[in-house]
Structure formats: C-alpha cells, structure tokens
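Novice: From first to last, the protein sequence lines are chains X and A.
Here the UniProt record's numbering is used: position 314 in the first sequence is 314, and no number is missing along the way.
Here the UniProt record's numbering is used: position 205 in the second sequence is 205, and no number is missing along the way.
Each hint should be verified, as a subset may be incorrect.
[To be verified] Taking lysine-lysine and the DSSO-like style, the derived pairs with C-alpha atoms no more than 30 Å apart in a straight line are:
| no. | chain 1 | residue 1 | chain 2 | residue 2 |
| --- | --- | --- | --- | --- |
| 1 | X | K38 | X | K285 |
| 2 | X | K144 | A | K342 |
| 3 | A | K210 | X | K263 |
| 4 | X | K244 | X | K210 |
| 5 | X | K156 | A | K342 |
| 6 | X | K38 | X | K263 |
| 7 | X | K244 | X | K342 |
| 8 | A | K210 | X | K232 |
| 9 | X | K146 | X | K235 |
| 10 | A | K263 | X | K210 |
| 11 | A | K342 | A | K156 |
| 12 | X | K263 | X | K285 |
| 13 | X | K146 | A | K210 |
| 14 | A | K144 | X | K156 |
[Stated by the list, open to error] Pair by pair, the computed Cβ-Cβ distance ranges are:
| no. | chain 1 | residue 1 | chain 2 | residue 2 | range |
| --- | --- | --- | --- | --- | --- |
| 15 | X | S104 | A | G29 | 15 to 23 Å |
| 16 | X | D295 | A | N143 | 42 to 50 Å |
| 17 | A | E115 | X | G84 | 24 to 32 Å |
| 18 | A | E115 | X | K82 | 18 to 26 Å |
| 19 | X | R208 | A | E39 | 37 to 45 Å |
| 20 | A | E24 | X | P19 | 47 to 55 Å |
| 21 | A | E115 | X | K294 | 37 to 45 Å |
Hint data in this document are derived by calculation from the structure and do not stem from the laboratory.
Keep in mind it's a predicted model, so treat the numbers as computed, not measured.
From the three backbone atoms N, C-alpha and C, an ideal C-beta is built for every residue, glycine too.
Protein chains: 2
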Amino acid sequence: MPQSPSLFSADSYFSTQPPPSGLEHDISGVKEFVRRQKEKGRNVVLVTSGGTTVPLELNVVRFLDNFSAGTRGATSAEYFLKAGYAVIFMHRQFSLQPFSRHYSHSTNPFLDFLEIEPGTNMQPSSDVSDPGSMSSQICVTPNKRKDLLEVLTAYKAVHAAGTLHTLTFVTVNDYLWLLRAVSQELSVLKRKAMYYLAAAVSDFFLPRQKMSEHKIQSGKGSLHIEMDQVPKILKPMVDDWTGKDGFIVSFKLETDPALLVPKAQISLERYGHQVVIGNDLNRRKYEVVFISWKDALPPSSKGPNSDLSNPRYAESWLKIDPHDHNKEIEEDIVAELVKRHKIWITGAEASTK
Amino acid sequence: MPQSPSLFSADSYFSTQPPPSGLEHDISGVKEFVRRQKEKGRNVVLVTSGGTTVPLELNVVRFLDNFSAGTRGATSAEYFLKAGYAVIFMHRQFSLQPFSRHYSHSTNPFLDFLEIEPGTNMQPSSDVSDPGSMSSQICVTPNKRKDLLEVLTAYKAVHAAGTLHTLTFVTVNDYLWLLRAVSQELSVLKRKAMYYLAAAVSDFFLPRQKMSEHKIQSGKGSLHIEMDQVPKILKPMVDDWTGKDGFIVSFKLETDPALLVPKAQISLERYGHQVVIGNDLNRRKYEVVFISWKDALPPSSKGPNSDLSNPRYAESWLKIDPHDHNKEIEEDIVAELVKRHKIWITGAEASTK
C-alpha cells in the first residue's frame, strides 16, 4: 500500500522535520549525567511529564495543547529520587517539577509564608548593598516551617548528590527529537535504565511544510485546521533507540472507562514493552491499572484481578483512599515499578551467568 | 442578511453557551471589592492577562491555546498598584501574577535561595508539632535578601490595603462571561474605572453543541477541526457593559509589522474606545505604539510621531533600551495611561460643573 504523503513513519518524520535548536547542548548534558551515574552503578529513570504543543503558525500565537499540569510526572520523580534512582526529568517548560510542585504560586504561594521581622540594630546600615544584614530579616511562618524544611532538605540532598537532571520541551517536535536522543544516550545502561513516559503527547501535528509564517488572520468566517497523525514512536523506542534492554512504562489516558483496559492491552501487544499504566481522567489521582505480560509477572502481584479471558496479559489494579489527603498514589506506583525493574535487571544478570 | 447559524453575536453567544459554574461566587466577590474602593474614592483598573483556551472535548484532553505567559498583565498590575490604583487581576489560571512573577519555578526557583541553618539548641524539641523553633532555621541567602525584601514588602502592603482582587479563567467561555459580569460591576465607578485588556483571547471557538463528549480518538488518519468565530465583545463592552464611561485600553498583537498600525487604527475606529496599544510579537518587550483619538490627545503627547496622513488618529511610540535589564516597559505604559485616565476623569468632572 503506497504511503500517502501525509502519513509519517518515525523515519520520515525525522528526515523532514527540523531538530530543535538546543538539541546538541541537551545531548551533551545528558551524556555527562549518564556517564556519572554509570560510574556509581545507579539505576536511571527517564521521567517525561506535561503536555506537548502543536504550533499553528511559525511565529507562534496559537497552538494545540494537551491537558497536563505534570502532577503525575513531577510527583513520581520525587519518589524515584527517594528510592535511590537518578532521574532525568524531561518536562514541558513551566509545568510542575519535583519539590517546587508543593509551592504552586496559585494554590500555595511561598510569599504567603514569609514574614518580615524588623531588625534590632538601630544604626543605619553602612553597607548599602546589603541593608538586609543590618535591618529587616525574612523568616518563615512557624506553622509552615516543618513541611518546608522537609522539602528543602530533600531538594538540597538531591542537588548535592547530582541525581536529578532536568530538560524541557514545548512542542511535540522538541519532544520527539529529545526523546530519541535521550533514549539513545541511556541505552548504554542497558537494563538499569527505566523509561517512565508520563507526558501527554499530541496525537496530531502540523508538519512544518503546512504551517503559515504569520498569525492566521481571523475575520474569514470559520477556521479549518487539518492535521496529520504524529508517528507512533513507541515502536522504534522499544526496537531500536533503547537498545532493546530498557524497562519501558507507558501511560494510557482515557475518558471512557470502557475503553481503558482494552486500549492498554492493545498498546502493550502492539509495541511489546514492559508495562502500560491505564488511567481514567476522572479517577487518576486514586486509581490506576497496570497491564503487563503474564509471563513477566512477579508472583506477589498475581491475584483475583487477573483477567482470565485475556491469558497473555496480567491486569493489576492499584487503588488508594480518595479521601486520604496525605497519600499520593505515585508513592505506590513507583514502589511497584521499582520492584518489577529489579526483577527485570536480575533476570538479565541470571541469564548471563 | 440572514445570520448563518454559526455566526455568533454577543447576544446569541450568551443565550446559547452556558455560564461557568463559579460565576455567581466571582460576581459577589467583585461587587464587595468595588464597593470598598468606591468608599475610598480609588480608581480601579481591571487587568486581564494570559491566554484563553478552546477545549476540543467536554472531558478536556485537548484544547487550542493562545501563547501568553501573562508577563504584560502581571507586570502592569504591579505598576498600577504602585500608582495607587486598586486592581482586579483577571488572569489565566497558573499564568504569571504580580509579585510572584519574579520567582518563576523554572527561571528563579525560590528553593534555591533558602538556606538551612542548624539549630544551636542541642536538646531535642519538646514541641513535636514545631521542631523548627528548636532546631534548624530556614533563612534567605544573603545576596538575595534585598530584592526579596522589596517584593515581599510591596506584596504585604497590597494585602494589608486590600487593593488587589484576583480572579481566574481558563476557557474563552469563562473569560467572556466573567468579562461581562466584572464590567457591569465596575460601571458604578463611571469614569474612575479603567479596563486594561491584555489577555490573549481566542478568535475561534467550538460551540458546546459541536463538542464531543469523549476524547477524540486518534487512528482515523487526519484530524479536521472546524471552528466558529468568537463574537467581538469590545462593541458591547464599550456601548453597554461599562456604562459608556470606562476608560478602555485594548491590545493588538501582530507578527507582521506592516499590519500593526493599520489594524490598531481599524480596531479603534470600529469600537470607539480610548486606546489601542499595538505590539509586534518580537519587539513587545521594548517597543509599543499607542493609537488613540487625536481630539482626546493631551498636548504633552503631541509630537513628531503623529501620523499626518491619518488625521483622526494619534500615533505615539513608546520605546525603551532593549539592553537595559533593570527597566520594564510596563512602567512607562502604566505611567502614560495614568496620565490619560486622569484627563478622562477630569474631563467628565469639568463637563458636569
């Protein structure tokens, strides 16, 4: 079947769409980070987070976006760091990040818990560049100190250990080029590399050749946008970029609950990676389902939830109490994946003995 | 000429699209805020800021967005507050806000300038709910204190005076309903109300009747989106909602420099408000043009820049040094508008004597 000119494979995508300008710089940063982690024998997880955009014009005024604050990715990254992983956090610019996520300027602005204490030294400061040292002090509201100290301590520990590397993307084009490059760099870690693909990636895009240079002028009645499908990159990721050894976890977000498990199973079957985590848009903060290969299922996870009508797949539901505001489901998601990744690594080591 | 079913006037828009759920609550908050400012005889400016979205599905996964960090609006709001105005800051949820804008988690994360100082008290804390008081202290890095103190002081003064009221929108539907309601509340202030419309509003939208409930499924080849024009609300705003007395400032953003002044003039002519501020996407941080009515031009602004080929309009360019990183163009934009607003108010007072 001849390919329509607007049907992109991964290969035709990369040969027709231009790489983002910062790519080489990003690659060398990742190369160095991965080298250091390899020396220390650490596991590394690539966490992707936030939505990708599809600009409609070259001088970007309008764009198509995917709804994603980045909560799943930013929260999971914190738990991976806590579990001793090094993390490459590849996120949508300005979306949530580990640690600072607790202090959103909209919902928990840090300016609200800083106090000004007048200074005790009555002499005017002789140091005009730093009056603060002689007069007013800034301190933290007492009832906020404990939580802030906990976050700040973890933040500083991660920075001191050098276990967090941060990259940003905006457009789906940035994302695809960066994902391929980072995967290729991580492939040297073989089975010690995990890929946690929580980003909300555009399904459709406007090829550069179809984009207008200037702002599309309104006043012409209705607006018609015709877009092409973004190539499915899980296939080359599994078969090629990650060197076939990576532990790959993808996500499926659905709004119709009836489609969730079937579509997650289809995805696993089609790409042959390790885990698909399915979530319903309206229940995702307290409920997810793990779809994986039955053969690779650790005995502890087998249970009454296994779907006997689909013998190839294991289906395992993870739920927390929706009303427990001190619990984040990502803690359990990450714990489960760390367990499964350990088995994945050990399996490779066992087979090389 | 019969109206095509997909051509919306402002009236047909509000009679067919549902109001956002928080609207009544928002209106009562604004009503109370305006009442307090009227008592104190303050000028009030409505600052709109950030981009509006057009959801493509009712269970929102994808949406069309307008590029806008909210820099113009958030920065201008700070200068209006400094100039003694009360401000209603109506912004895109999670976009930049006055004061916290200086501490973007991406470019200037506040966690980077907090230090942990070990406590001097060697006894374990007897107060388990507040160990911070007995052990570690959190303080601000010395070379960051001066700037933070300045922002924090202004922030607290504004909160103490109650001169800042914050509202949020996400969709263009939220925005239109809220803009109408807030304008109607502000109309009691007559000429003391200014409207600074810096938000990047969608030109096209999907009427509720055309939206699908569930996530549009990819895998069907290409995606076609057909959208209708958003009604131009400047007309009812000028003629109706603001009671004809508001000082209305709109913005025009263009990517083609040749279109900037002509389109700004067309806008002023079409709607009959007070000022159109034109900006070129690539030059907007250091250059804007004020288009206004020649008759209403204060003598001090007349100058060699007036466009003699367009006798009805005055054209006044405002430029700053692009390399001066300590200068924000919004300081001058606001200063100029405060001047013009004063004349607007005085003009009314003079005519009532």
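Novice: Each hint needs a verdict: does it hold in this structure or not?
Specialist: Hint check results:
1. K38(X) to K285(X): Roughly 34 Å separates the two Cα atoms, so the pair is violated.
2. K144(X) to K342(A): The given pair, whose Cα atoms are some 44 Å apart, is violated under the 30 Å limit.
3. K210(A) to K263(X): With a Cα-Cα distance of about 26 Å, the restraint between K210(A) and K263(X) holds, given a limit of 30 Å.
4. K244(X) to K210(X): Since the Cα atoms of K244(X) and K210(X) sit roughly 35 Å apart, the hinted pair is violated (cutoff 30 Å).
5. K156(X) to K342(A): Violated, at about 51 Å.
6. K38(X) to K263(X): violated (36 Å)
7. K244(X) to K342(X): holds (17 Å)
8. K210(A) to K232(X): holds (28 Å)
9. K146(X) to K235(X): violated (46 Å)
10. K263(A) to K210(X): holds (26 Å)
11. K342(A) to K156(A): holds (27 Å)
12. K263(X) to K285(X): holds (20 Å)
13. K146(X) to K210(A): Violated - the C-alpha atoms of K210(A) and K146(X) are around 50 Å apart, more than 30 Å.
14. K144(A) to K156(X): The given pair, whose Cα atoms are some 18 Å apart, holds under the 30 Å limit.
15. S104(X) to G29(A): 15 to 23 Å: holds (21 Å)
16. D295(X) to N143(A): 42 to 50 Å: Violated, at about 58 Å.
17. E115(A) to G84(X): 24 to 32 Å: holds (26 Å)
18. E115(A) to K82(X): 18 to 26 Å: holds (22 Å)
19. R208(X) to E39(A): 37 to 45 Å: violated (57 Å)
20. E24(A) to P19(X): 47 to 55 Å: holds (50 Å)
21. E115(A) to K294(X): 37 to 45 Å: The hinted range 37 to 45 Å is violated for E115(A) and K294(X), with Cβ atoms some 52 Å apart.
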